[in-house]
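Protein sequence lines correspond, in order, to chains A and B.
Going from the first sequence to the working numbering is simple: count from 1 and add 114.
Going from the second sequence to the working numbering is simple: count from 1 and add 691.
It is possible that part of the hints are untrue.
Covered stretches of chain B (in silico footprint by chain A; criterion: 3 or more residues with CB under 8 Å from a CB of chain A, positions within the stretch not fixed) [unchecked claim]: (1) 779 to 787; (2) 799 to 806; (3) 816 to 827.
It is worth saying that the hints were derived from the structure and are not from the lab.
These numbers were taken from a predicted model, which means no experiment stands behind them.
Just so you know, even glycine gets a beta-carbon here, dropped at the ideal spot from N, CA and C.
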Amino acid sequence: MSVLRPAGEFDASYAYDMATIRRPWQWAALFLLIAALYTLPLYASQGLVALLNRTIIVIIAVQGLNLLTGYTGQISLGQAAFMTVGGYISALLVNLLNWNYLPALLAAAVGAGVVGLLFGLPSLRVKGFYLVMATLAAQFIIPWFTRNAFHDVLNGAQGLNVRPPELFGIVFNTPQRYFMLTLTLLILTTVVAQNVSRSRLGRAFVSIRDHDLAAELLGVNLFKYKLQAFFLAAVYAGIAGSLAAHQLRHLNSETFGLNDSVLMLGMLVVGGLGTGMGPFLGAVVIELLIEAATVLGPVVASYFPSTATGAVQALRPLLFGLALMLFLIFEPRGLAHRWQLFKAAWRLRPFSH
Amino acid sequence: MTQPEVLLSVENVSLTFGRVQALAHVSCEVRQGEIVAIIGPNGAGKTSLLNCISNFYRPTSGRIRFAGRDLARVPASRIAPLGIARTFQNIALYTGLSTLDNLMAARHIHMKSGFLGCLLYWGFGHREDLAHRLVVEEIIDFLEMQHIRKAVVGALPHGLRKRVELGRALALEPRLLLLDEPMTGMNQEEKEDMARFILDTYERRDVTILLIEHDMGLVMDIADRVIVLDFGKKIAEGTPEEIKQNPDVIKAYLGQEHGTL
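Start from the sequences and build out the full structure, keeping to the hints where you can.
Shown next, in the form of structure tokens:
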């Protein structure tokens with residue numbers, strides 16, 4: 115029921131009780147993990163590092179969605195659209211104005227955040243299903259805008275060729291180098307997400323999710339905090355979109371589409387809504403599933419020769435849909451909840467409760 | 692002896708939904724340091740009155756003043772900072788949070804960390820959380836909730852949830868506490884516990900209390916004054932003794948044949 119502490123560990127102060135990382139060995143383990151990750155490109159294959167880059171970018175976007183949907187309870191199908199905004203902003207700033215990547219990334223984050231804020235405005239009036247429809251509008255308006263507006267700058271449906279980022283004289287043009295960038299940003303976004311979730315802001319978010327009327331009568335300004343959630347989610351999407359655009363080196367209106375938004379929402383459900391671990395677990399599991407589909411595709415195709423060309427493409431949505439359905443039925447609280455149960459069981463072993 | 696100041700005054704308040712008159716020209720006053728009970732049969736407008744006071748409903752006509760201030764122009768989210776806290780008839784806790792976090796969430800109005808402060812958290816945000824944790828722990832002690840401090844409230848039994856909700860209202864440090872049926876669905880022992888907590892709150896925390904309750908024995912025991920509503924109208928107001936004797940109340944609320952309480 116309550117939080118289980120390992121045997122012999124006592125919360126001797128409130129600060130210690132509230133700490134995220136509690137033991138010296140946990141700090142050591144964390145630093146070892148981070149060090150191992152930073153040195154990973156030295157011995158991992160290029161394919162693995164590229165996969166990790168992709169996964170990290172998705173994790174960042176899902177973390178943003180988690181703040182909005184998982185904590186604040188505002189379901190959004192617009193996350194990929196805000197990635198498009200972030201991608202275009204930093205691509206244009208680097209390509210046309212020769213901006214350094216860091217300020218361009220910052221501008222992408224803030225720019226996407228402001229656009230997210232605009233599409234969050236309906237949240238004052240509409241909730242649930244109707245808000246999903248309102249955020250879906252972003253998914254249609256923003257790609258349409260990039261295709262049809264300012265043709266000489268945005269280059270219409272063909273989109274932009276994006277330069278790889280350059281920082282401190284290093285050009286991040288290989289997956290290995292790019293990994294330094296994505297990993298650093300992931301650490302930053304994770305720390306910020308954790309800070310939000312444990313602070314006054316996060317409690318205001320959750321109180322809106324759990325009982326918005328009570329929250330309002332307890333002094334939470336609903337509109338203000340919903341907009342802040344939309345802003346934060348879009349900032350995360352902007353960072354992810356910028357990273358993805360400069361990694362792919364190409365960007366058009368279809369780079370991030372509606373199915374990406376749906377996929378990210380699915381990842382969040384699989385990982386666990388409103389948990390710090392959720393985005394990590396969900397994104398990794400779904401990315402692995404997609405990889406498995408790529409590997410299994412030819413095998414499946416050999417059994418069904420008549421559908422050979424479509425097998426790989428069909429297998430991805432099939433596996434994703436199956437995973438999502440199984441999670442909704444058997445573990446709607448996601449893998450993060452499973453992990454909590456496992457930890458509790460481990461601490462109580464050999465007893466069952 | 693001078694009378695204590697009027698904390699809350701409801702002046703000629705009416706509330707209509709379409710053709711349903713939920714409240715009709717209700718006037719009443721609550722003075723600093725009183726426990727006032729609102730009673731009345733189901734659908735009498737008790738909760739509607741409370742909802743008007745907490746600005747969840749806007750009265751169709753009339754005026755509500757708190758500490759001399761007209762509440763008509765105050766948005767719902769500014770009611771709590773003025774010093775009005777409430778609990779709900781059907782518990783409205785943040786079910787996904789622990790008892791501790793429910794109370795911490797109620798400290799919102801007393802905390803100052805801004806948007807960026809929360810993103811960075813270290814330093815001021817952390818210190819502020821610690822300071823408010825002390826206040827919250829005091830309330831947890833006061834309401835004897837130590838054993839459920841870290842329990843997710845969605846999984847708690849009804850009686851405890853009611854207690855957590857009282858704790859959450861106290862965490863706002865209100866001047867006026869509105870309790871909407873704090874004892875529904877409780878057994879005798881839980882009711883007595885809750886009555887004790889309400890009286891303790893009143894005595895030790897300098898809170899004025901306006902409560903709705905159906906348990907007559909309890910109302911008669913703890914209330915200084917009783918207001919009786921029936922079909923949206925105030926039909927009586929007075930000390931518990933006076934209310935017991937009032938023929939209108941006996942007729943409207945208890946049925947004619949009972950005669951006495």
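Going down the list of hints, with the structure as the test:
1. 779 to 787: holds (count 6)
2. 799 to 806: holds (count 5)
3. 816 to 827: Check passed, 7 qualifying residues.
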